[in-house]
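Two chains, each in its own frame: build the complex with the hints.
Chains as they are written, first to last, in the working numbering: chain G, 1 to 306; chain P, 1001 to 1368.
Honestly, the hints are just simulated from the structure, not real lab data.
Idealized CB from N, CA, C, for every residue including glycine.
Please note that the accuracy of each hint is not assured.
Example chain P residues on the side facing chain G (calculated, C-beta under 7 Å, incomplete) [said to hold, decoys possible]:
1) Asp1002
2) Gln1003
3) Leu1004
4) Lys1010
5) Thr1203
6) Val1209
7) Pro1211
8) Leu1212
9) Ala1214
10) Gly1245
11) Arg1249
Residue strings, one per chain:
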Amino acid sequence: MIKVSNLEKSYGEVKALKGISLEVEKGELFGLIGPDGAGKTTLMRILVTLLLPDSGSATMDGLNVVDDFRKIRKMVGYMPGRFSLYPDLTVEENLQFFATVFGGTIAANYHLIKDIYIQIEPFKNRPAGKLSGGMKQKLALSCALIHAPKVLILDEPTTGVDAVSRKEFWEMLNKLRHQGITILVSTPYMDEANLCDRVALIQNGTILSIDSPKNITKSFAKKLFGVKVETTAQRFECVGLLKELDGIDSVFSFGESIHITSNQKDINEVNVKEYLNNKGHQGILVEKIEASIEDVFMELMQNEAN
Amino acid sequence: MDQLLGFVKKEFTHIFRDPRTMVILFGIPIIQLMLFGYVITTEIKDARIAILDHSNDNVTREIKNKILSSGYFRLEANLIQENEIDPIFKKGDVKEVIVFEKGFAESLEREGKANIQVIADASDPNTAQMLFNYTNGIIQDYTKKKFAGFTIPVQIKSEVRMLYNENMVGAFMYVPGTMALILMLISAMMTSITIAREKEMGTMEILLVSPLKATHIILGKVAPYLLLSLIDAFVVVFLGNVVFGVPIRGSLFVLAFLVILYITMALSLGILISTVANSQQVALFISGFALMLPTILLSGFIFPIENMPVALQVLSNFMPPRWFIDALKQVMLKGNGFAYIWPNVLILSAMTLFFLGLSVKKFRLRLE
Chain G
1 MIKVSNLEKS YGEVKALKGI SLEVEKGELF GLIGPDGAGK TTLMRILVTL LLPDSGSATM
61 DGLNVVDDFR KIRKMVGYMP GRFSLYPDLT VEENLQFFAT VFGGTIAANY HLIKDIYIQI
121 EPFKNRPAGK LSGGMKQKLA LSCALIHAPK VLILDEPTTG VDAVSRKEFW EMLNKLRHQG
181 ITILVSTPYM DEANLCDRVA LIQNGTILSI DSPKNITKSF AKKLFGVKVE TTAQRFECVG
241 LLKELDGIDS VFSFGESIHI TSNQKDINEV NVKEYLNNKG HQGILVEKIE ASIEDVFMEL
301 MQNEAN
Chain P
1001 MDQLLGFVKK EFTHIFRDPR TMVILFGIPI IQLMLFGYVI TTEIKDARIA ILDHSNDNVT
1061 REIKNKILSS GYFRLEANLI QENEIDPIFK KGDVKEVIVF EKGFAESLER EGKANIQVIA
1121 DASDPNTAQM LFNYTNGIIQ DYTKKKFAGF TIPVQIKSEV RMLYNENMVG AFMYVPGTMA
1181 LILMLISAMM TSITIAREKE MGTMEILLVS PLKATHIILG KVAPYLLLSL IDAFVVVFLG
1241 NVVFGVPIRG SLFVLAFLVI LYITMALSLG ILISTVANSQ QVALFISGFA LMLPTILLSG
1301 FIFPIENMPV ALQVLSNFMP PRWFIDALKQ VMLKGNGFAY IWPNVLILSA MTLFFLGLSV
1361 KKFRLRLE
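If we strip away everything but chain P, and leave its shape as in the complex, we get (with noise of 0.2 Å):
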């Protein structure tokens, strides 16, 4: 047990003293969480739509007037036909089109409901979604002040169709996807490498050559990892709630026991990778392209696993962080717990098992 603190020890003050693992550690983590975070909730202003009025009366101009002067959308152009909207679109500039059906006015008066179109360009979702809640905030907003003192009330029901993007991705998925990234990254990675880097300057020979067993590496090197990847979970998780809102409706338990199973599954991988590494680079190049890409593209993190190939959506079963955001973004934005994501969590477990049995298999006690 000495001899395993000695170890935990000495890799805390390898950790602590290299100022570029410090920032690997603890500046990535929250630099990832922020860029992310302001891709997805940059403001919008000057986007530009184009408008489809087929009634043109005093109401539909006052609702243009009003989503013109809001700042957020400027006229590209004023359509007259339907099929406008197709090319328009296709030309890229234009991000919405607002469509006003015939005799807008005269129906709200007499049914007390008239129908706009909102069609959004979702080939870029985020910004597709944010459009179409700000073209909409503005005109509840005037139907509450232009409607103010009514008793019957009176509806302007707006339509919403998603185009290229039929199943819009959740807003508050990247908090979700970095936390997978980030805890990756810094499990299985900086494993991996600090265990390679004993290997390159010949320190792990000594270590061998010790009393020192395979376990006592392996759980020296994951021990602090674990604890500093914990610390960075915590922070993506709080600066999630308090800088972009998102919401931790699950249980805490639930989310702390998902998070650890997901770093030992990572930090297992890591160890897995430094029983072939011999040399940083190496392990650099494994944790870098087998880890950080599929991550990347393959978890449903940016792209969604349903628009995937089906190819692709086979291959996506593989990827652990998959499981993970799933279960992730169930028990966060959900409120979730085990009764729905046992099967993520069975998974994981499974996976976290294969990794640590084949590192084991895999841990050299010599030198061939």
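Only chain G is shown next, with the shape it has when bound in the complex (with noise of 0.2 Å):
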């Protein structure tokens, strides 16, 4: 359904897409995971026919964005990264007016909506401003699809909203997906990969990996010890004391835990925490883990940079 080749775009001197290549298959939930920066919003804005690619080409549904641009921009609901629709219209002036600019009705294509809208419709006559992150981000779906789409663009749609809602909106996608609508979805989130049918890991401008989530932790090669301490200040140290142990590859702090990855035959839960307890810290709790997608990213990120 999408086909990207080789694309790639520059700002000036700065390259945001070095030659990047990825197909979506119809139908499919597609995630592009990477932190800030990474290249998302330039390859999405490419896709929607907002910006021209200096080198390379993208297809979607067969038709090319530089060239078919007008075909394009009616097939394709696009939900930018920033919040994008009128703060002073209500809620539904707002799908109205969405609704007629792709020259159809809100009734037409109510079936799309219909779960997703009955949970903001309660507050239609609210002036969209006045509505919370998540159900901003709920009424912004509902004016991309409200013209029955084949193909969705979501730029970082659950930055800034609220766990619930994130879970609530990951849910629509994935019901939406079953309707045969693609969608390309991007998240810095690395939680919500796992959500998606496949991922690409995207990290300045390339791709690291392209693959389903449970593939890419698969692939993830070496162990991997989760290092569990009482304090924050104890963690910190830790984590120094750990990036000088030998045998081990890396050590990031993974919000409570530490994790470590080794390649070592003689690493293990054990000599770990021995390490740690001879060097004055009690209350280690290490154990071997299954790598997540995060894992994997932090991994292909230190592979890149060497």
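Structure (structure tokens):
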């Protein structure tokens, strides 16, 4: 459905995309995972015909994003990263406006947005600017869907949205996928990657890896340990100590715990714990864990940097 | 077509929901008109004058009494010689000097006519004009009453010289001028700001990624303001006529045509600005500086073009309001039709086409 090959784009001196290639199948929920400034927005803007690529090509449903931009604009639903509806228009007026712009009515495609819209319908006479973050996103999604697009492109739809709304939002995307809509969604949250069919890990304008979340985590070849400590201060000290330990490849703070990776046979739960105990840290819990997308991402980033 | 109507409807909603926009649209025109109107028609009270009476007979004394007891004038100085006139004007307090010729009463009796010279400080042309009108009125009134029974009409001729500004600017100049200013403000400034706002808020991104064409977006933005500007033009003409007595001597059709042409020109200018400005502030800045000031200063609205340095006179040719104000005055005050204003219409049309062509060329269908 979406085909991107060797796409490059620079803003002056800055290379935002350094030759990106990917394919998204019809009906797939595809995630672009990467930190801010990775090039996610640039890629999406090229796909929705807002930007012209410097080189390379991109097609959607066989339509070229440069030459067939008018046709693409009819079949794509786009939700920019920033809330981009009219704050002074009510929920209903916004929806009505976007339905009209695409030459349709709310009624015609109500079935598509029903599940989402029903949650904000009680507030349909409220100005969009006065909605909460989660509700704004639901309205924006409704507006992007109201013309029954074949492809939905969502730029960080869950950024700045509370945890509950984020979960609901992803449930909706899942439902939409079952209705045959191809969805390309970007997010800086690694945990959301698991909710996609396939993801592309993107960093500094290059794609590090493309696969299903399961395969990506499986591809993690090293041993991974989670180290739990008691206090924040202790965590900082332990990160420093672990970096000095021979045979450890990487040490990262992961929320409350520390993740360390190793290729060495003689590194295991027991001797890592002993090492820290000997350095004067008590109450340490070390266990072998399964890699998450974020672990893979860190690993790939480190390889890239070397 | 539905898309366009939907867009226009949305624009109207924006306008009607924003109190600030409403104030700019309907408050400012009325306030501006009233301000300009009353600044010019302010009553004369206790204006300081000087009198040079070469004759000092019973008739001149009567006239002097009548003038000074009217309440409009206050005697600042009695002059003795002609050469005192210039210095007293230069000092600035005295706005008018009335000069009676030698042997006034005698001349009036023998020849049936006598001369009064009224010299006014026209560095403020409107005040000067008004002072003269008042003075003249009083003298005429005196003559009528005094010589009511005479069979041969006796005349006192007053000869007026306007110092510093020999060509007086018409008293009704402010209505056409205000109209030019208001229509420019609403049409150009408001359209450029509203398009810039879409860019600033990111909604332009969604509008671009939709089947809307550039013409839809431009027409959708322009149509509401065209309509509202027309209403404003009507309000200005109506108030000018009813409150300030500015005549509409020409045909209403020609007037309407001229106003619509000018609004279209201003709207295209607004679109052109919005293609360059990415934020409301920039749009406001450009339309404020690049449009308002020239409209006020270089269009002949306040300062007569004939009195400008040659360089500014040349520059004023490129100011659309100049041609509009000129044509508007011709239509409203002189009752002229297309036969007289066609050069103005032609110039304004050419400017409109130029701005429109440039904006369509500059309007970007993408973010870059």
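Problem set entry | Hint check against the structure, violated hint numbers in rising order | 3, 9, 10 and 11
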